[in-house]
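Trainee: Going down the list, the protein sequences come from chains A and B.
Start counting the first sequence at 103; every next residue gets the next number (my numbering).
Start counting the second sequence at 100; every next residue gets the next number (my numbering).
No lab work stands behind these hints, which were simulated from the structure alone.
Model, not experiment: these values are computed from the prediction.
Keep in mind that the hints are not guaranteed to be accurate.
Under the rule of at most 27 Å between Cα atoms (straight-line distance), these lysine-lysine pairs were calculated in the DSS-like manner [stated by the list, open to error]: (1) A:K210 x B:K157; (2) B:K265 x B:K232; (3) B:K319 x B:K134; (4) B:K319 x B:K180; (5) B:K409 x A:K210; (6) B:K157 x B:K319; (7) B:K180 x A:K210; (8) B:K265 x B:K180; (9) A:K381 x A:K353; (10) A:K210 x B:K360.
Below are the chains, spelled out letter by letter.
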Amino acid sequence: MRNITLSQAVNEALAEEMRRDETVFIIGEDVAEAGTPFKVLSGLVEEFGTARVVDTPIAEPGFMGLAVGAAMTGTRPVVDLMFGDFLFLVMDQLCNQAAKTHYMSGGKLNVPLVLRTNLGATRRSAAQHSQSLHALVAHIPGLKVAMPSSAYEAKGLMKTAIRDDNPVVIFEDKLMYNDKAPVPEEECLIPFGEANIKRDGRDITLIGTSSMVQVCEQAAEILVREGIEAEVIDPRTLVPLDEATLLASAKKTSRVIVVDEGHQGYGITGEIASRINEKAFYHLDAPVLRMGAMDVPVPFSPALEDITVPTPEGVAVQARRLMSGEMIHAA
Amino acid sequence: MAKKSNTEDYLRMYRQMVRIRTFEDNANQLYLAAKMPGLTHMYSGEEAVAVGICEALKVTDKITSTHRGHGHCVAKGAEFKQMFCELLGKEEGYCRGKGGSMHIADQSNGNLGANAIVGGSMGIATGSAFTAKLLGRDDVTVCFFGDGATAQGLMYEVMNMAALWKLPVIYACENNGYSEYTRTEEIAAGSITARAEAFGIEAHQVDGQDVLAVNALTEKLVERARKGEGPFFIELMTYRYHGHHVGDINREYYRSKDEEKDWKDNRDPIIRFRSWLVEQGIASEDEIEAMNDEIKADAKAAVDYALDAKYPDVSEVDMHVYTDVTHALARNPA
């Protein structure tokens with residue numbers, strides 16, 4: 103299997119789906135000739151033209167709303183939101199309109215759109231270009247939320263998202279666009295709601311999302327040298343969530359850390375930890391730990407920014423605490 | 100009033116206006132009798148706007164509607180029975196009781212839905228027009244909104260795009276003089292049509308109490324929009340007889356009873372059109388009274404039906420959250 107970058111994987115997924123289905127189009131700021139600031143879409147306008155790779159004014163609520171109406175009437179828009187931080191600008195159109203239309207219409211109207219955006223700090227972009235806001239949309243019934251952790255998932259989840267008849271939000275980690283991974287050349291679709299067990303282990307479960315899957319895998323490498331065998335699981339989609347796979351692993355290892363780059367307070371880590379507590383409590387030997395981004399706006403200075411996100415070393419430290427029984431005795 | 104050549108068209112327009120008024124009178128009574136859950140927003144007084152516009156549209160043309168949306172829904176072809184069922188939260192409602200008054204959608208007639216966010220459907224209407232252009236369809240979308248919605252930023256974002264891309268959309272601003280409980284002149288600086296003109300969008304102002312004037316203008320604009328000459332903007336000067344919603348009864352602090360009486364007595368769109376129909380010999384007073392009675396009887400039958408109709412089964416609560424999952428909560432049971 104060839105290795106391609108996450109950026110190429112997204113580009114391929116879009117190109118393949120646009121060739122397959124002429125109702126698919128891309129809309130957003132600087133998506134055509136510029137191919138986005140991250141150059142993820144380079145080359146698509148040359149193949150599909152400006153009618154289907156549509157540059158918009160800088161008006162996120164406007165093009166988001168336009169996409170909702172386009173999706174309701176027979177097309178499949180892929181909305182490009184340049185930075186995940188701009189989600190706050192499109193919340194009404196995404197959460198009040200797109201998410202609720204199918205339900206409010208009693209199932210008569212569908213909104214098959216994809217909102218592709220990004221997350222991830224440590225790019226020295228400060229508080230308005232570094233947030234990981236997937237918890238905001240995962241909170242809203244009617245939206246699906248996908249979190250690719252490598253080029254492979256980026257392609258497979260994007261293709262599935264485009265074919266889905268519901269609004270789907272995909273968060274790509276903007277620091278991973280140049281990361282390569284094996285991606286099959288043949289058709290590649292990853293079903294939603296199927297977690298991926300990235301590494302088998304018997305002692306502790308590390309659940310990671312997006313780039314935190316790599317953090318968990320690196321933590322597992324550190325831990326195995328100490329005789330601790332960590333299982334690493336990537337849920338791949340937050341909505342729908344493959345609870346069964348997470349619970350089975352929790353029951354097997356009896357210790358769980360949930361690692362995610364969104365803010366820890368009221369976030370994804372708390373939600374997943376809570377479900378494990380509710381449904382696997384009697385199998386646990388320690389409290390489920392949450393590791394999210396520090397509950398501060400993302401700072402600019404590298405000296406500060408780097409300490410706001412979970413690291414492999416940090417995950418390993420928490421894993422050792424759980425393994426040693428410290429958490430139980432401390433209580 | 101401009102003269103139209105087809106008697107049937109005139110009578111249908113009259114009928115549709117009376118159907119809207121009758122629907123609203125019944126909806127108001129359901130509220131006052133505490134038989135309707137929640138609140139609703141009456142369209143009475145604005146009938147010539149919805150009817151004049153929708154009579155210029157084909158069934159395949161689309162509209163987006165507002166929280167004050169019953170008039171648009173009726174004018175675009177909806178049936179009383181499913182509408183009253185929806186207002187009462189019943190299973191046979193247009194949205195199986197999940198949307199209610201503020202979210203009625205009737206996609207079979209091209210109504211993409213009412214919207215409870217003021218200005219919330221402007222993106223949707225523009226997107227619907229985008230679809231028509233991308234897929235090479237000739238349908239036109241009309242975006243209904245009130246003067247209050249002209250204060251929302253979304254309107255300017257999407258009008259900009261619609262003008263840049265020549266989308267087949269008509270922005271229909273129903274200026275009823277009030278933005279909820281506030282006079283429009285207190286919330287709207289400058290001219291409303293000039294705002295559209297700033298984007299190079301051809302804008303018209305029309306007497307929204309004159310159904311023939313509204314219809315004649317809309318027919319021209321729809322035809323031009325179909326040929327790719329859109330978008331267009333219409334400001335329709337109209338009046339809402341009730342308060343912001345049915346519960347807004349003591350409203351003299353923001354508008355006088357004299358003002359309301361003046362509009363009802365002297366500018367009512369139904370009375371005006373009825374007089375014209377008689378004057379022109381298109382219908383006799385008796386024929387008109389018979390039509391009114393028939394519509395009243397239809398509405399009563401629909402109300403009675405809806406009152407007796409079933410609520411949705413409680414198992415429907417987690418249906419229609421996603422298109423591909425029958426029960427959204429069954430996936431990860433508690």
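Trainee: None of the hints should be skipped; say for each whether it holds.
Mentor: So, going through the hints one by one against the coordinates:
no.	hint	verdict
1	A:K210 x B:K157	holds, 20 Å
2	B:K265 x B:K232	holds, 9 Å
3	B:K319 x B:K134	violated, 43 Å
4	B:K319 x B:K180	violated, 33 Å
5	B:K409 x A:K210	holds, 19 Å
6	B:K157 x B:K319	holds, 14 Å
7	B:K180 x A:K210	holds, 18 Å
8	B:K265 x B:K180	violated, 38 Å
9	A:K381 x A:K353	holds, 10 Å
10	A:K210 x B:K360	violated, 41 Å
In this structure, the earlier hints numbered 3, 4, 8, 10 are contradicted, and the remaining ones agree with it.
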